Amino acid sequence: MPALAHPKLQGRTQQPWQFQAVPRWVFALAALGALFILLPLFGMVAKVNWAQFIPLITSESSLDALVLSLKTATASTALCLILGVPLALVLARAHFGGQRILRALILLPLVVPPVVGGLALLYTFGREGLIGRSLNVLGIDIAFSTTAVIMAQTFVALPFLVLSLEGSLRTAGQKYEAVAATLGARPSTVLRRITLPLVLPGLVSGAVLAFARSLGEFGATLTFAGSLQGVTRTLPLEIYLQREIDPDAAVALSFLLIAVALVVVSLAYRTPRSPLRTLVPRGAP
Amino acid sequence: MTLELSAVMAARDVDVTFSVGPAETIALMGPNGAGKSSVLQALSGLVKPDAGHASLGGRSLFRSGADAAWLPPHERGIGSLAQEPLLFPHLNVLENVAFGPRSRGANKTAAAQKAWQWLAEVDAADLAGRKPAQLSGGQAQRVALARALATDPQLLLLDEPMAALDVNTAPFLRSLLKRVLAGRSAIIVTHDVLDALMLADRIIVMEQGRIVEMGPAATVLSHPRSAFAASLAGLNVLTGILHGSSVMTDDAGLVAGRLAGSMGGASQAGGMSEESPGRDATNALAAFPPSAVSVFLDPPQGSPRNCFAVHVTALEPQGDHIRVRAGRLAADISPAAVADLSLVPGDAVFFVVKAAEVVLYPA
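Chains A and B supply the protein sequences, listed in that same order. Here the first sequence stands for residues 546 to 830, where the numbers follow this note's numbering. Here the second sequence stands for residues 79 to 441, where the numbers follow this note's numbering.
Quick caveat, the hints were computed from the structure, so don't treat them as lab data. Keep in mind the model is a prediction, meaning the values are calculated, not measured. Each hint should be verified, as a subset may be incorrect.
Derived lysine to aspartate or glutamate pairs resembling DMTMM-like cross-links, with alpha carbons at most 20 Å apart [what the hints assert, rightly or not]:
| no. | chain 1 | residue 1 | chain 2 | residue 2 |
| --- | --- | --- | --- | --- |
| 1 | A | 720 | B | 173 |
| 2 | A | 720 | B | 162 |
| 3 | B | 256 | B | 201 |
| 4 | A | 592 | A | 609 |
| 5 | B | 126 | A | 722 |
| 6 | A | 720 | B | 201 |
| 7 | A | 720 | B | 238 |
| 8 | B | 209 | B | 230 |
Pulled a few chain B residues facing chain A out of the computed Cβ check, cut under 10 Å [unchecked claim]:
| no. | residue |
| --- | --- |
| 9 | 153 |
| 10 | 154 |
| 11 | 167 |
| 12 | 367 |
| 13 | 377 |
| 14 | 378 |
| 15 | 379 |
In this text, a Cβ means the ideal position worked out from N, Cα and C, and glycines have one as well.
If we strip away everything but chain A, and leave its shape as in the complex, we get (with noise of 0.2 Å):
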């Protein structure tokens, strides 16, 4: 099955020689650019203390931030794919007024710093913000709690998700869309048949995006959700904060969260016609 499934795979283990239009030079700087991102990797490796290693990750508070740094963020991607998901699909397919300006504005988290986010998401959700102060009559208190690292998170991982799907669905286009609505099928079904069908591999690689960013989330949760053991410490918060008391501790994490960084974004890639699977390292650390 397989043989017959990839028939264009199985030439590429034996690719003949193929005229490329890329100089030389520019091999020379793009290993460099790859060194770049890969050094300090194997720097940090290499101050890895193994012999301490099992007994530095799995501290109380050690594992209290993986635990929580998974869940959390498993639930702001939970989060970005069901609020990204209909902010991508209205963005790429309807047509209304000020919508280069909404699109400007969901992408804004990319660009402004995690803390500024964090101190936004506080003045608006936090007990003396906008509707924070409504929610906290109601006993809602939301800042410095779990639900608020996942809303930080949520903030500044949506746009990952966005991002990515919109480009997928523009590139896929409505020829399909409009073929299936000539074949009898109502809107949603075509959103459920052919198009998320369709720009399944952008879903997954925005979903993945927005983990990953979720997961190494640091600036905004600290502002809005502070740093309290098992309720609110990531693991970023976590090794920033042994940096200081325990720098082999620091190390050991950071580990960790590469580890878990590089599981989570293989087994998204594994899909072998994904073109993104080159850009995982593979056997990095």
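Put chain B on the given structure of chain A with help from the hints.
Quick look at chain B alone, frame taken from chain A:
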């Protein structure tokens, strides 16, 4: 099902009014940018006309004015087939064809049954398990046709369905279309005179967003009134009764040719030609391009070719060749040949064309 359409699309400068009768096939022809595709899109519901109204089988598709109404594409019951097959790449062939019935509420079993039935109809049942990427262009287009028909559309819109196919696959799809379009209302956009002759009852010619000519296919092509139809009508068309692989024409005797849809006497054509004489007389068209015609002063001896005794009525320079007109027929020959024969209007000559160059269309 009768289609009534009157639509104005200001941005595209299109303003058309026409109707399609029950079981009638219309060929919509015209130069690029004439607005043919816009008309199809308005009917599908993919663009909204600025004014006008349309109804299909008594149901309103859209209506402008005080009682404005708009039926979304998925409620129109209008199937379409474009130049690209546009099979859903993530579904296999069977799932593609079953998509329409499934979307219209059929359960899985019924939808699959319908899909099998239509795949068999287009001779593609053996492809059911394949993904669209594993199909050739002709196979994909046949599957796309099955997919469009599986929804039992009240009107079928075909937008240059054979334009992307190579010369070897187009004839098969053409004869397939002829079979499935019988008894259906359809509009086919085409640049190919042969498609129009073989598939359509009437031709509508559009130029710059307006209908400039409308009428029975053979009439429009033999007596063109619009510039576009005239440019198409370079083709020689003779009408008559089918006899085996010949047509007994009304005014030019017996014309031998090959049946449309057959490739060099394929089995299907043979079958048809053997059955035909026994049945009621079949009307047919014989068509051949002027470039296939040679001009002689004396009748060629012992040749299996078609030979027409004609009088030259006009000589028209056309690019690098000269079109010799003789009544309804035309021949394209080189200026040197004209000089050789020292042709002048009024000359009695013989137009000779090989049987292999003549295509016969059972009407």
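Against the structure, the hints come out as follows:
1. Proximity of residue 720(A) to residue 173(B) is assessed by CA-CA distance (about 18 Å); at most 20 Å being required, the pair is judged to hold.
2. Among the hinted pairs, residue 720(A) with residue 162(B) is consistent with the structure: their alpha-carbon atoms are about 10 Å apart, no more than 20 Å.
3. Of the pairs offered as hints, the one joining residue 256(B) and residue 201(B) holds, with about 14 Å between alpha carbons and a cut-off of 20 Å not exceeded.
4. Restraint check for residue 592(A) and residue 609(A): the C-alpha separation of about 23 Å exceeds 20 Å, so the hint is violated.
5. With a C-alpha separation of about 17 Å, the suggested pair residue 126(B) and residue 722(A) falls inside the 20 Å cut-off, and the hint holds.
6. At roughly 26 Å between alpha-carbon atoms, residue 720(A) and residue 201(B) are farther apart than 20 Å, so this suggested pair is violated.
7. Restraint check for residue 720(A) and residue 238(B): the C-alpha separation of about 16 Å stays at or below 20 Å, so the hint holds.
8. With a CA separation close to 24 Å, the supplied pair residue 209(B) and residue 230(B) exceeds the 20 Å bound.
9. Interface restraint check for residue 153(B): the shortest CB-CB distance to chain A comes to about 8 Å, inside 10 Å, so the restraint holds.
10. Because the smallest distance between the Cβ of residue 154(B) and any Cβ of chain A comes to about 8 Å, under 10 Å, the interface hint for this residue holds.
11. A distance limit of 10 Å between C-beta atoms decides the matter here; for residue 167(B) the minimum to chain A is near 7 Å, and the interface restraint holds.
12. For residue 367(B), the suggested interface contact is broken, since its CB lies about 34 Å from the closest CB of chain A, more than 10 Å.
13. Hint status for residue 377(B) relative to chain A: violated, with the closest Cβ pair at about 55 Å, above 10 Å.
14. Below 10 Å, beta-carbon pairs count as interface contacts, and residue 378(B) has none with chain A, the closest being about 53 Å; its hint is therefore violated.
15. Of the supplied interface hints, the one on residue 379(B) is violated, with its beta-carbon coming no nearer than about 57 Å to a beta-carbon of chain A, more than 10 Å.
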